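**Q** Here is what each chain is made of, one letter per residue.
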Amino acid sequence: MTAITDSAGATPSSGDRTLSTSELAAVRADFPLLARTVRGGRPLVYLDSAATAQKPDVVLDAEQDFYLQRNAAVHRGAHQLAEEATEAYEQARHEVAELVGVDDGELVWTANATAAVNVVAYAMSNASLGRGGATARRFALGAGDEVVVTEAEHHANIVPWQELCARTGATLRWIGVHDDGRLRLDDLTNVVTERTRVLAFSHASNVTGAVTDVAALVARAREVGALTVLDACQSVPHMPVDLHALDVDFAAFSGHKMLGPTGVGALYGRRELLEAMPPVLTGGSMVEVVTMETTTYAPPPQRFEAGSQMVAQAVGMGAAARYLRELGMEAVAAHEAEMTRLLLDAVASVPGVRLLGPADDRDRLALVSFVVDGVHAHDVGQVLDDAGVAVRVGHHCAQPLHRRLGAAASARASAAVYTTAEEVAAFADALARVRPFFGLDREGTR
Amino acid sequence: MSSMEQLYQQLILDHAKDPHGKGLAEGHDAESFQVNPTCGDEVRLRVHLAAADAPTVDRVSWEGQGCSISQASVSVMSELVTGASVEEAEQLGETFRALMQSRGEGLDEAAEDRLGDATAFTGVAKYPARIKCALLGWAALRDALVQASAATTKKEEER
Chain A
0 MTAITDSAGA TPSSGDRTLS TSELAAVRAD FPLLARTVRG GRPLVYLDSA
50 ATAQKPDVVL DAEQDFYLQR NAAVHRGAHQ LAEEATEAYE QARHEVAELV
100 GVDDGELVWT ANATAAVNVV AYAMSNASLG RGGATARRFA LGAGDEVVVT
150 EAEHHANIVP WQELCARTGA TLRWIGVHDD GRLRLDDLTN VVTERTRVLA
200 FSHASNVTGA VTDVAALVAR AREVGALTVL DACQSVPHMP VDLHALDVDF
250 AAFSGHKMLG PTGVGALYGR RELLEAMPPV LTGGSMVEVV TMETTTYAPP
300 PQRFEAGSQM VAQAVGMGAA ARYLRELGME AVAAHEAEMT RLLLDAVASV
350 PGVRLLGPAD DRDRLALVSF VVDGVHAHDV GQVLDDAGVA VRVGHHCAQP
400 LHRRLGAAAS ARASAAVYTT AEEVAAFADA LARVRPFFGL DREGTR
Chain B
0 MSSMEQLYQQ LILDHAKDPH GKGLAEGHDA ESFQVNPTCG DEVRLRVHLA
50 AADAPTVDRV SWEGQGCSIS QASVSVMSEL VTGASVEEAE QLGETFRALM
100 QSRGEGLDEA AEDRLGDATA FTGVAKYPAR IKCALLGWAA LRDALVQASA
150 ATTKKEEER
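Read top to bottom, the protein sequences are chains A and B. For what it's worth, numbering that gives the first Met the number 0 labels the leading residue of the first sequence as 0, then goes sequentially. For what it's worth, numbering that gives the first Met the number 0 labels the leading residue of the second sequence as 0, then goes sequentially.
Keep in mind the hints are simulated off the structure, nothing from the lab. Possibly wrong hints are sitting among the right ones.
Short, incomplete list of chain B residues facing chain A, as computed with Cβ under 7 Å [what the hints assert, rightly or not]:
#1 32
#2 34
#3 37
#4 38
#5 39
#6 64
#7 67
Straight line, CA to CA, 25 Å or less: simulated SDA-like cross-link-like pairs of lysine to any residue [unchecked claim]:
#8 153/B with 142/B
#9 125/B with 185/A
#10 125/B with 333/A
#11 131/B with 436/A
#12 21/B with 86/B
#13 16/B with 50/A
#14 125/B with 432/A
#15 131/B with 52/B
#16 153/B with 28/B
Being a predicted model, the structure only gives us computed values, none of them experimental. Built from N, CA and C at the ideal position, the CB exists for glycine as well.
From just these sequences and the hints, can you work out the full model?
**A** Put into structure tokens, the structure is as follows:
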């Protein structure tokens, strides 16, 4: 475990203090996978953290320790192991809730972020059918109601809403984007109106890296009485996020992008909303009294956690949250702000490469999606891979945004707290070889 | 030669730059549209059959967008199956799919002779993520030939 306070012997990180070289080396030593080689002995340059992040050994140890020492069914059983397992599980919930500034009871475990968004969408669907009684009526949708998303969303924050609208008769509308991928906030008052019941949007785009002005969207949603649903997958691992301060009603994020395991994510919901919301998956563990005729439901968060849960993964996600908090999210963000500048410079330095997203580093994540003139994204990725540089290629689960930005597909390089300047330089070198490899530039025209 | 150079044989780069059969022709017997949902690559392919003793692929035309592997593969395939009987074309498809499962080891000499220029894609089989790219056009051909045969059978039954 690397706490910055240990390696630096200084006070806990705060402000815009970034990582020193030795601190960064210590962070990297926490991630065993980063030391491996690929494609015939080349050092791995992992620039695909926006797809999934690598895991520090504290996360792997926490999962293993759970199975080796504490494994038992949680929230049932009177034996010591059951007590310890339940405590580990609920402590993990506390760690994650602390990271994002919410109360433990407001954090629901889900299989992933997509599942979290779907919990809200299907709860609304059930409320629209009259489930949940009078208190759930505020979630009911019908003809004439509107759900608003943005053109910059990941499919996980579009498709569940399309489906909800199809089931309830509501209409889906969306906020467009400018040519650089930032939201058209000038459209906000036209699109978000008295008819809007839900405004779902991402905190930061997984394609353009643009960070959303959450306050502006929440203020408009409050004016018209719409619920807000924040996709926080790309923000939680990379910057300080305080969901209470952001004043959103719901938020979804995943474990695996924030240095935690796959198979676990979280839904935040404001307490009074979760309490009023009908369940989605039903069965064991989410009930109070079951008779052959009817059932009463447990209070949240258990109401939304039917069946055996992914306990070890939750424990791992808790360890990841603790790891990030001990590094200090301010320090993580400051380090990644440097990587943002280097990535933008790298893309700008190579002729024939077009950036998808804002070219300035203000309110922007350390990721760059780009198109290489005359070379398909898959082929770009292949040449980078040959140099040991791992990037994402394709549409990154954001086809509407790619269509809007005039690209069928793109390549994306994304950083995390463990990314180094040397890695970004290796990426720039490999990127400069792409067009020459396909005979489009002479060598050395860079 | 590195794995990547084996992947991007000159023949593949040439076909990607200057593809054969590209541009949809009218009067076709069947059409198939295939996409690779992971990357958005797509191909729309049409077949024209000629009725000889055995039905024969008279012409293949297509339109599409995608990576150099997918585009070159449709191009090479178009050349290879033109003039072949429908049965031969289907067999070539099976042989090419076997080549893609060969992990880059290739096939026996007779099979490679039948595949001709399509053996240039042997290196693709070392990159599991790219096999779908090479198979996109072949999937469209298989689908179009199935549709064309079904239509022919129906016509014969109606006669």
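**Q** So which of those numbered hints doesn't the model satisfy?
**A** 1, 2, 9, 10, 13, 15
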